[in-house]
Amino acid sequence: MSNSVDETVFNYFSLLLTEPDEEGISAGKPDAKREQAAVPDGQNGHTPALKRQSLPGQSEPRPVITQATPTPLNKLALEQLLAPVTEIASEVGTQTTSKVELKTLDTKPVGVETVTQAKSIQTKSESQVEQKIKEKLETSASIKQEEAVVDKVELAAALQTQTGAIPPGVTEQLVEQLDDEFQVLFFKVAGLTLAVPLVSLGGIVKVDRINHIMGRPAWYLGVQTHRDSQLNVVDSGAWVMPEKYDDELAQSVDYQYIVLLEDSNWGLACESLVNSVRILKSEVNWRTKAGKRPWLAGVVKEQMCGILHVQALIELLNLGLGSQDSIG
Amino acid sequence: MADAKNVAAVAAGKDDEVLQWVTFRLDNETYGINVMQVQEVLRYTEIAPVPGAPHYVLGIINLRGNVVTVIDTRSRFGLPSAEVDDSTRIVIIEAEKQVIGILVDSVAEVVYLRGSEIDNAPNVGTEESAKFIQGVSNRDNELLILVDLDKLLSDEEWMELAQL
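Chains A and B supply the protein sequences, listed in that same order.
The opening position of the first sequence corresponds to residue 2 in the working numbering, with each subsequent residue numbered one higher.
The opening position of the second sequence corresponds to residue 118 in the working numbering, with each subsequent residue numbered one higher.
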């Protein structure tokens with residue numbers, strides 16, 4: 002992608018994130034005081050989550066981990082990630098015994114057993130990441146203590162701004178769930194790159210035979226059988242950008258994989274898997290208000306792509322709603 | 118072989134009701150309708166258009182002296198129209214106390230399905246045609262979409278058809 006295209010994409014997602022709240026989502030209306038309290042990052046007016054969570058006495062966000070630059074595209078690693086899913090039926094008995102260190106995903110080929118192990122990989126890597134964080138910070142405070150302080154700061158900020166109840170779909174819960182450094186999978190749909198946190202990734206399945214079901218919304222691609230159950234496949238392009246997804250674009254899209262959303266029976270069709278990298282929370286412009294698109298958790302700054310809020314996405318899909326529909 | 122298996126399946130689960138479904142194909146998908154509602158399957162015969170008939174009516178045929186209305190199933194299912202060929206069939210069915218014909222691409226077979234083998238259809242449909250689907254079933258890695266013929270037309274449309 003050229004710089005101009007990158008900028009356009011970045012601006013596109015930034016626009017989605019900054020869209021004013023509208024009718025039907027009154028619970029999520031941004032509090033003016035809260036907005037004033039937030040310190041813009043100087044680039045696009047967003048306040049990264051870590052900046053808001055800065056500890057007392059620390060005016061600038063700390064460089065928590067120096068390995069901020071994502072690893073380059075690693076197709077081999079992705080193939081490893083994908084291959085076991087297609088072989089899962091035969092290997093289901095052995096998959097629980099194998100574990101792979103996080104680093105191997107990006108560096109060397111290892112027989113990864115299943116994509117669903119991404120969660121166990123993530124879990125195993127957590128201790129390593131935490132260890133690194135400890136070393137880098139050179140502080141005696143444990144991560145939990147730090148989180149407790151952050152919680153207090155957040156609570157104080159919430160009280161100070163007298164914000165109402167946290168609107169549904171807003172990203173606080175997701176941000177809390179993620180480690181400071183977390184893995185995301187980048188995938189492409191009709192030229193658009195999207196990211197999904199690996200903790201929210203249920204697996205990756207190759208597109209095989211998608212059965213069209215009549216009477217469903219245009220974004221509903223159909224049903225694919227997966228492990229003796231029916232997987233609802235979303236035409237991601239039609240869902241994410243219905244305004245741009247005309248017949249010509251729809252014809253040109255060649256879906257190859259289905260990105261499964263947590264343990265739901267929903268999957269996003271995608272054209273290609275780009276790579277899986279570790280990023281810091283501070284590298285994401287997190288959504289700070291409910292807005293019209295609860296499924297968009299934020300924008301990954303470096304890759305300039307949207308990061309999905311999978312739980313909100315599943316909720317919308319279960320309700321049969323499109324990307325621009327409001328819940329309730 | 119397959120028949121023996123099916124018969125065994127019928128005998129096996131008395132508490133798990135087994136139903137027979139006539140399967141047909143439309144636009145590369147396989148659909149099933151309850152065999153009890155199927156009267157016969159005809160090769161394609163000339164369908165006489167009826168002036169002023171609703172858009173979902175292809176026309177009428179003469180079936181041994183009886184006039185039978187034929188429904189445009191593709192149109193009803195929101196599918197593009199297709200040319201008639203050698204495998205095109207008219208399935209004569211009885212639904213809502215009326216005998217009608219439905220035009221399909223081809224008729225495949227009769228399958229036995231237990232109730233437990235039928236899953237709910239994904240509940241995201243908003244269009245009228247979403248109501249037709251009674252459920253789905255996975256057979257030999259192929260999805261069978263089960264159609265509720267009684268809901269193929271709305272109450273008003275069934276009445277309209279009766280007066281045709």
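Worth flagging that the hints you see were computed from the coordinates, not collected in a lab.
On a predicted model such as this, the values are computed, not experimentally measured, just so you know.
We put the beta carbon where it would ideally sit given N, CA and C, even for glycine.
It is possible that part of the hints are untrue.
Chain A side only, calculated, beta carbon under 8 Å to chain B, not exhaustive [claimed, not checked]: (1) Val-208; (2) Met-215; (3) Arg-217; (4) Pro-218; (5) Ala-219; (6) Thr-226; (7) Asn-233; (8) Ser-265; (9) Met-305; (10) Gly-321; (11) Gln-325.
A few chain A positions that, by computed beta-carbon distances, are all more than 10 Å from chain B [stated by the list, open to error]: (12) Thr-194; (13) Arg-210; (14) Asn-212; (15) His-213; (16) Asp-229; (17) Gln-231; (18) Lys-245; (19) Asp-247; (20) Glu-249; (21) Val-275; (22) Lys-290; (23) Lys-293; (24) Ile-315.
Each hint tested on the structure:
no.: 1; hint: Val-208; result: violated, 14 Å
no.: 2; hint: Met-215; result: holds, 5 Å
no.: 3; hint: Arg-217; result: holds, 5 Å
no.: 4; hint: Pro-218; result: holds, 6 Å
no.: 5; hint: Ala-219; result: violated, 10 Å
no.: 6; hint: Thr-226; result: holds, 5 Å
no.: 7; hint: Asn-233; result: holds, 5 Å
no.: 8; hint: Ser-265; result: violated, 12 Å
no.: 9; hint: Met-305; result: violated, 31 Å
no.: 10; hint: Gly-321; result: holds, 4 Å
no.: 11; hint: Gln-325; result: violated, 15 Å
no.: 12; hint: Thr-194; result: holds, 26 Å
no.: 13; hint: Arg-210; result: violated, 8 Å
no.: 14; hint: Asn-212; result: violated, 4 Å
no.: 15; hint: His-213; result: violated, 6 Å
no.: 16; hint: Asp-229; result: violated, 7 Å
no.: 17; hint: Gln-231; result: violated, 6 Å
no.: 18; hint: Lys-245; result: holds, 22 Å
no.: 19; hint: Asp-247; result: holds, 18 Å
no.: 20; hint: Glu-249; result: holds, 18 Å
no.: 21; hint: Val-275; result: holds, 28 Å
no.: 22; hint: Lys-290; result: holds, 27 Å
no.: 23; hint: Lys-293; result: holds, 20 Å
no.: 24; hint: Ile-315; result: holds, 12 Å
Hints 1, 5, 8, 9, 11, 13, 14, 15, 16, 17 from the list above are not met by this structure, while the remaining hints are.
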